[in-house]
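J.: Combine both chains into one complex, guided by the hints.
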Amino acid sequence: MGLLSKKDAKLITDPLADNNPITIQVLGICSALAITAELEASIVMSIAVLFVLSVGNVVISLLRNIIPSKIRIIVQLIVVATLVIIVDLVLKAFAYELSKTLSVFVGLIITNCIIMGRFEAFALANAPGKAFLDGIGNSLGYAVILIIVGFFRELLGSGTLLGIQVLGDPIEKTGVYAFGYENNGFMLLAPMALVTVGIIIWVQRSRNTALVEDH
Amino acid sequence: MEHLELFFKSIFIDNMVFATFLGMCSYLAVSKKVSTAVGLGAAVIFVMAITVPLNWLLDTYLLKDGALAWLGPEYASYDLSFLSFIMFIATIATMVQLVEIVVEKFSPALYDSLGIFLPLIAVNCAILGGSLFMQSREIQSVGLAFNYGVSSGIGFFLAILAIAAIREKIRYSNVPPALRGLGITFIITGLMAIGFMSFGGMLTGGDEEEKPAQVETVQVSVEQQTEIANNTKAVE
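Taken in order, these protein sequences are the chains called A and B. Heads up: the first sequence begins at 1 in the numbering used here, then just goes up one per residue. Heads up: the second sequence begins at 1001 in the numbering used here, then just goes up one per residue.
Bound conformation, chain B alone (with noise of 0.2 Å):
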């Protein structure tokens, strides 16, 4: 059930693209053609699901304050959590190379096609993002951490391929000549995320409210327990 939830919410709920904004780069210079996007997406599912457990176990067995405690007793007061973007990092810049020449090999014409991009993949925010993520979140087990690696994978990998299919089709349409390309990839991709706001109530019932994006909310929900407490007033 556990590792259910976890599934639904970093896909649609907590989506890569639409709720945190991560990957846009790529998001926005790879959707012009769905082969091409159904390519990268492919791959970021790929390197996420090795990456985030991988990154993972560093954070268990290295970093967290107290992580090293396995080596001995003398070793439980050492936080080394402020290394963890340069493990992180490290990390993914590896496996991105690793992937590279395994793509290289078996699938040529991928390679191609992916180009430039595959390298940049180890740039993409919502790599980094996944594992920084898994991180603040506390997941709790190597098992959740691979789960929530390929489920914000597929999220992003749903997100670039239903903008590359929109935008494929947008060609045909008279589109204003100073919001041509990324002007209109921008709006659109804020018609989706309202989409996809309201996936918010699935998990929860829509009962309580829902958490993700803390940046965001912090204030509106500040602003909202004002107007809640309000309105009781004004109802006693």
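Next up, chain A with everything else stripped away, as it sits in the complex (with noise of 0.2 Å):
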């Protein structure tokens, strides 16, 4: 990170782990969940969340100071119907059965609350340079949930990785399948994802105990 001061470098990297925005700041579940049972549309909705999230937080920052506070919430959704918009459009231009996978998913992202969050949190106090730094780290911590929970999901739920199947063939018996391996559909339902955040939220507070809730 020489290009960028300590300070600098914490904004990127405190929101993969210990401020994680799933599962410290509880935003953006929905479509954490919603959408991981491929890991594929779990890797483009996080890019999508990437582009919206930077590209917003630099354009309220610049706007920070012309804002009305009264009606700062209504131009930041205009500002983030935007951006999904053009992601929606990009998507259906060139991922015309991802962004039916995704349905309604894509214009979700404008009320996902990490970006309306971090929007309120940070780009409305802080420079455009910072703030394009906190969208960046923010919706990588996003990724990185999505990312885990999307790759669980699909290798236990049909066996695949990105569509390759990775233990073998289910219907002709090879790989892990010959030893009487059965995929688990059940984890490409929608309470599963459910369970497996809860249990990364688990893992990561057993490691870390100062984030552990009193009830």
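These are calculated hints, taken from the structure and not from any lab test. Small disclaimer: the values here were computed from a predicted structure and weren't measured. Cβ atoms here follow ideal geometry from the backbone N, Cα and C, with glycine treated the same way.
Take a look, some chain A residues computed to stay more than 12 Å from chain B by CB distance:
id, residue
1, D8
2, K10
3, I66
4, G129
5, V176
6, A178
Calculated Cβ distances over 10 Å to all of chain A for the following chain B residues:
id, residue
7, F1008
8, V1034
9, I1050
10, D1079
11, G1143
12, V1150
13, M1202
Mimicking SDA-like on lysine to any residue, the simulated pairs with C-alpha atoms at most 25 Å apart in a straight line are:
id, chain 1, residue 1, chain 2, residue 2
14, B, K1064, A, S103
15, B, K1064, A, I74
16, A, K100, B, R1137
17, A, K70, B, V1103
18, A, K92, B, I1086
19, A, K92, B, S1081
20, A, K70, B, A1029
21, A, K92, B, Y1078
22, B, K1032, A, V26
23, A, K92, B, K1064
24, B, K1033, A, I24
25, A, K92, B, G1066
26, A, K92, B, L1083
27, A, K92, B, D1065
28, A, K92, B, M1087
29, B, K1064, A, L89
30, B, K1009, B, S1198
31, B, K1064, A, L91
32, A, K100, B, Q1140
33, A, K92, B, A1076
34, A, K100, B, S1136
35, A, K70, B, T1091
36, A, K70, B, Y1111
37, A, K100, B, G1200
38, A, K100, B, D1065
T.: Right, dumping it as structure tokens:
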């Protein structure tokens, strides 16, 4: 991190673990749970959020002295909605199948609490450069959780990663399937996403007891 | 009948929280006490009852492909649906502001207890999600849209009420320290979602396969089909 001062580097590394937007700040849960049945969708969603959050943070930070505080929520929503429309149109043009899989969840980036939360908590009070780094850091923290959840759900649920069969062929009974292993289709269903995130939180808090809540 | 079916379907089968994970943020943040949970749930029902039919009207008469035909034949070829995100969120933000003013005026106690969360309803995924699902499921009439808004709101209300009650009780249990608070809430929600899946057969009588949460089922169904195909082959 020779390019960045220590303080700036912290803006990026902090949200990756100790101040993770999903497991600690409890923001942006909806999309983290809904689209993680496949790793590819998780990755695309992370990239979309990375774009929207970093650009949006810069825009809001540039406008921060102009926006009257009473109507700031509407201004923020319009900025996010514009960026999300760009993402949506790009996805529809270049990855139509994927945009079908993500369905309304691309639109729901608008109401992804991470974005509004970072606008409110950071971009409104800081210079554009810092806001950009904060956006990158937080969306990477979001991406880490999404990719972990997507990885396990796709691996255990359908035995594939990014659509490639890594555990052998379930129909031809090759690879681990030869030993009687079966895909756990339950992992692909909604409830297991919640449990997976719950377990991630459990592991993280067991390792770092400072994060433990008292009920 | 159509209304009744949609009503129960949106409450139990396509429950906002358990089937589509919408509104999770406020669901997790405001569910520590039953009284605040009830307040937020009621606010969500109210806002959804207004915004979903309003957005339905916007969608049908302004945004859809060919929706502008009522202005004259030369407008019939316009498709403004790419603007729907902005239009929907603007409607929602305005309505939330209105609700905030009304609540502040008539029920200061509720206003105080909801605190910061009332403005946050604007960014509650459940509200925008309701409008977007309304659009993608092609709901037919404004009456059905109203019904969909109210019943989805009730679904959210039920979910947040249930989890708040459980969280109030769980304080007396001996939960592993690292799971306390957020972790156990996630896992309980997962278990509740499994419970709600059992409503899936309610409307179809269990004959057909239900089709909520398109995102999730795509891969499952493909696999199941291959499995079924294999089984039938084996039987033959």
